[in-house]
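Number of protein chains: 6
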Amino acid sequence: MKYRDDKELFDTMEHRLYSSVVSDILDSLGYRNQAMRADINPVWAGAVVAGRAHTCLSVDIYELKENPYENEIAAVDTLKPNDVLVAGTNCSTETALWGELLSTAARARGARGAIVDGYTRDVVRIRDMKFPLFATGTRPLDSKGRSIVLEHGRPVKCGGVMVNEGDIILADIDGVVVVPHAIAQEVIEKSLEKASAEDTVRDELLGGALLGDVYRKYGVL
Amino acid sequence: MKYRDDKELFDTMEHRLYSSVVSDILDSLGYRNQAMRADINPVWAGAVVAGRAHTCLSVDIYELKENPYENEIAAVDTLKPNDVLVAGTNCSTETALWGELLSTAARARGARGAIVDGYTRDVVRIRDMKFPLFATGTRPLDSKGRSIVLEHGRPVKCGGVMVNEGDIILADIDGVVVVPHAIAQEVIEKSLEKASAEDTVRDELLGGALLGDVYRKYGVL
Amino acid sequence: MKYRDDKELFDTMEHRLYSSVVSDILDSLGYRNQAMRADINPVWAGAVVAGRAHTCLSVDIYELKENPYENEIAAVDTLKPNDVLVAGTNCSTETALWGELLSTAARARGARGAIVDGYTRDVVRIRDMKFPLFATGTRPLDSKGRSIVLEHGRPVKCGGVMVNEGDIILADIDGVVVVPHAIAQEVIEKSLEKASAEDTVRDELLGGALLGDVYRKYGVL
Amino acid sequence: MKYRDDKELFDTMEHRLYSSVVSDILDSLGYRNQAMRADINPVWAGAVVAGRAHTCLSVDIYELKENPYENEIAAVDTLKPNDVLVAGTNCSTETALWGELLSTAARARGARGAIVDGYTRDVVRIRDMKFPLFATGTRPLDSKGRSIVLEHGRPVKCGGVMVNEGDIILADIDGVVVVPHAIAQEVIEKSLEKASAEDTVRDELLGGALLGDVYRKYGVL
Amino acid sequence: MKYRDDKELFDTMEHRLYSSVVSDILDSLGYRNQAMRADINPVWAGAVVAGRAHTCLSVDIYELKENPYENEIAAVDTLKPNDVLVAGTNCSTETALWGELLSTAARARGARGAIVDGYTRDVVRIRDMKFPLFATGTRPLDSKGRSIVLEHGRPVKCGGVMVNEGDIILADIDGVVVVPHAIAQEVIEKSLEKASAEDTVRDELLGGALLGDVYRKYGVL
Amino acid sequence: MKYRDDKELFDTMEHRLYSSVVSDILDSLGYRNQAMRADINPVWAGAVVAGRAHTCLSVDIYELKENPYENEIAAVDTLKPNDVLVAGTNCSTETALWGELLSTAARARGARGAIVDGYTRDVVRIRDMKFPLFATGTRPLDSKGRSIVLEHGRPVKCGGVMVNEGDIILADIDGVVVVPHAIAQEVIEKSLEKASAEDTVRDELLGGALLGDVYRKYGVL
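Chains as they are written, first to last, in this note's numbering: chain A, 79 to 299; chain B, 79 to 299; chain C, 79 to 299; chain D, 79 to 299; chain E, 79 to 299; chain F, 79 to 299.
Rather than coming from a laboratory, the hints here were simulated on the basis of the structure.
Don't take every hint at face value.
Chain copies aren't distinguished; within one or between two, either way the pair holds.
To be verified - Below are the SDA-like pairs computed for lysine to any residue, each with C-alpha atoms no more than 25 Å apart in a straight line: (1) K235 / V126; (2) K295 / E144; (3) K272 / G285; (4) K235 / D105; (5) K222 / N111; (6) K272 / E141; (7) K272 / G215; (8) K208 / D117; (9) K80 / K235; (10) K208 / V126; (11) K158 / R82.
Values in this document were obtained by computation on a predicted structure and should not be read as measured data.
Next up, chain A with everything else stripped away, as it sits in the complex (with noise of 0.2 Å):
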């Protein structure tokens, strides 16, 4: 890519592209089961976030195993910087898989983010530092003795999506995308390309034109 190094990739991407516009490109190219359940949220107003997948698989146990956050910070302490942890929980309401202290220590590894497909705790500090995260909702229960990390790096369904060690991710207040490695290049580009297309057409509607009007000329919706 035409990118100085992945920060600038990915800041681009948070700053010019939004989930939508690449939903539609990765949709024209036959990739359609790319974005992530409607219960994946922002848990705090604003938040958005591009990189690498980092995938973490976690699962609900019932009794206080030997050093229970051994995997978890295992997966943590391998991030690389410009990753999004990207962690699935076989949808788990029992446990808070996220919270305050792996933030901070995420972003001490130069992670981006994080998209939980379970809920965080630690919502207020997570707020005021900024770390962009996505989950399901909070509540305030430890993983210990209820949940563990299975594994790190591996294939993961979260938010209803196979994801990849390195897939790119994109997740913004519409939603969280996940761009196949293999045809990540091209889908960026193809939507820095849409959102140019749809500034014209956002104009010709706001001048009062017809819908069916500005379709059959542009071709875009």
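Use these hints to put chains B, C, D, E and F onto chain A, whose structure you have.
Relative to the frame of chain A, chains B, C, D, E and F by itself:
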């Protein structure tokens, strides 16, 4: 009615009424199923809208159709000033029926807002343009190849309530109420009266009176 | 306890504690089912409340009863200073148990807030009066002819947790925890201690330390 | 009606009618919300029942009450010959309202069966005694300390349908329909007629006719 | 294929194969989303069907349409010998798409059965005529004024699986599998082979062998 | 206990007890959360099983693992005579944990049955071999690449109940109850006594006595 025009009427409803007082009056007249389900919410804080329902029904399909937006465009381009688009989707979770361009086009027709029993996208820009939109959530997925508008102007179930073309809608943070057209004048007048009565009750309670005493005195709660 | 009075105690809890640290201490003492479900949330941003539970159970009915508000009024008028009303509804979706006038009346009795496993209405005015209210959602429907309060001051399940009259409640953005009365002093003291310990861990993580190293050193996560 | 007595009427309904034909007639008269939800099913194969509704409402509570069965006993002991007990529970999943001893007692009063929008237990013995029972499932949990009967003989929502004391019930493998008392005679007569008409249609289809041709000829489907 | 005709092929599938062995072969070829959800079940004990999918999509509507059954009749009257009707309804719970007369008409066209992602009615007579029908439940409600068939012969999602006209269906007590047309021959042949291999494994286990030993020996479970 | 061996004990439980009477005794001793959810049901009519729990936890994963069945085989091969396998899956809907070969292997070890909080397949053959299996439903999907057994012999939540290795299970058409090992003898003895008492009550009710009179006389319902 004693309002100069529809605009003045709906402005009054937005500023002086709220969904709960209108719901109470509907209850008192025996219309007890006029409030939509709790999962239809404003997509931006502070959204309030009153207007005349222009109905629309969208259904999920599973392939790209020729002219996929044809009926959707027709539904929006037939909006009239002071209308509120009321869209049922049979509770679809597969796509976002609504978005920024539709909001822009709807406003250009004079519509005051939209109620969608389904998902939307482009929430940031819809909020920025202050278009009052109520929906069940967000996903970035375009409707193309996922749903089509079947018809508009026909009865539709939205949020669990049967809505007919021309019914009066009032939507705020507490929910969405549907006032059947035939009883609209009576409902609005009585709602304005009850809103005043509640002010008195509130004052006495603020003065420290027991709830039981106040209720015995005014018969309002 | 070493607090001058209940007010000072609950003020301290609201300002220095949070639901997740209290939940961790409850866990450590073997009380692992004390956090309510994730769908009970503050109805306005920033709501926090601590206090003594005054319980109440509402049930759905299907006709207008004589004296429909009798027990509801009794439940509110028996609130004492520093109480938090904790209302179960058996997960009703048919009506809004709570509203502005009840909030006003509750505050006039000295109550600090309310937790409702059900819907509320009048959210704007409840927010404006800064009454801390936690609920599962909003609908504008009055309880009249839809539900009655069956009893107050008796054990009730709220948010999946059994709550007894006089238990201690702490509710914030992360959730609602219930501290059984018998262990309240111990839980609060240990929670204050753990909150301090977490400050140290956070500092080391902010300094860039690996999560694994910090956890080995302090045993806290 | 032209039946000697209620027994003959309900026997006729059980033997010559079925829920779907009665539902069609209710539809044709504008009563379109008279069929219960699909999760209320016969607890033994072949159960069919018609009769007069004796209504009852049970609600979940959370402690053992004095005289826990008082109202439940009253609800059963007030059953009259040819009644069908219709019990709402506000969709409880916490307890089994119904069981063998209640079935035995109900039959001793002359009741023809029971419809429970909740769980039952003792299914084997209820089947062995051929008591027609429709319920949402089974759990072995006694209602003692889990629910109480609030009232009987009052309007209740059961399976999503409002049922009034004295409405006519017909329940079979396809579902449960509620015929409002005021239109019972008309509905039953027209249902018997339509059942005959369907026999003719079936014969032509069995003879190999196209569905379209048959429908054009008879207007029945 | 080595079968004289479709009838012999589908008879063989019904008698010698079962959905789980076909699912295993689909898995081994990388087709891992071909088994419908668990809530689509045979409506009578022992129903089994194999055949060629004739697809159909029904959608909920909210008023009586002119020619309400037109497309539904067309969908049934275009069934060919050895077809299985596969109907999606977007998970409707409002109506019964299927019933006895449609079963009779479908059989008259030579259809072998039907899979409905929705409700049916007339279960007793469908069972008596031994028409293999799989559905999500029963309600006695006619589709007239509640749903219309939108199209037939087009791709449809049924039980969570995308089904195309001409795909091969096998449905039994364990579930419904969809074999894409292009790989049908390979899947059927390999399924017949695996069914034989499982017989050997079963014999050894019946002889008392440990599961671990048998799996190491045959690699089948 | 006064039984010659475990076999005689569990045979007695299967023939003379039923889940509801055992649940009542557990209630009376203060164990009120010992009955599993209502969606765990026998997969063939008439299945009943009592035995000692051998626990197992399966979790969903998203790629094919090396030795995918290793722990599952170990869980089954460690079953002892008179055990009942009790498997939690964290409510998976993605795969069938159980099937015919596992049933055959379990029986070869002397196991009396299995309780699965998840799906099964091969229901016809499991029924034919009369292996008592309770599960939440069926899908034909193999666990290979969809789930792995995480551990066995450890505490697990199954059907909403915490089950420990060695607890006593009784499962029949009404549901599944879990008797903690420490109180098993007392529970079984008292259950046998209560079963006798209920016979007397039933006789009086069959004789036509009012429920209220019988309850006042015997205190049993």
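Results for each hint:
1. K235 / V126: within (21 Å within a copy, 33 Å between copies)
2. K295 / E144: Close across copies (16 Å), not inside one copy (65 Å); limit 25 Å.
3. K272 / G285: Classified as within; 20 Å inside a copy, 42 Å across copies.
4. K235 / D105: Answer is both: 19 Å inside a copy and 18 Å across each meet the 25 Å cutoff.
5. K222 / N111: Classified as between: cross-chain Cα gap 13 Å, same-chain 33 Å, threshold 25 Å.
6. K272 / E141: between (51 Å within a copy, 22 Å between copies)
7. K272 / G215: Answer is between: at 24 Å across copies they meet the 25 Å cutoff, but 33 Å inside does not.
8. K208 / D117: both (21 Å within a copy, 24 Å between copies)
9. K80 / K235: Result: close neither inside a copy nor across copies, 31 Å intra and 41 Å inter.
10. K208 / V126: Classified as both: same-chain Cα gap 10 Å, cross-chain 21 Å, threshold 25 Å.
11. K158 / R82: within (18 Å within a copy, 50 Å between copies)
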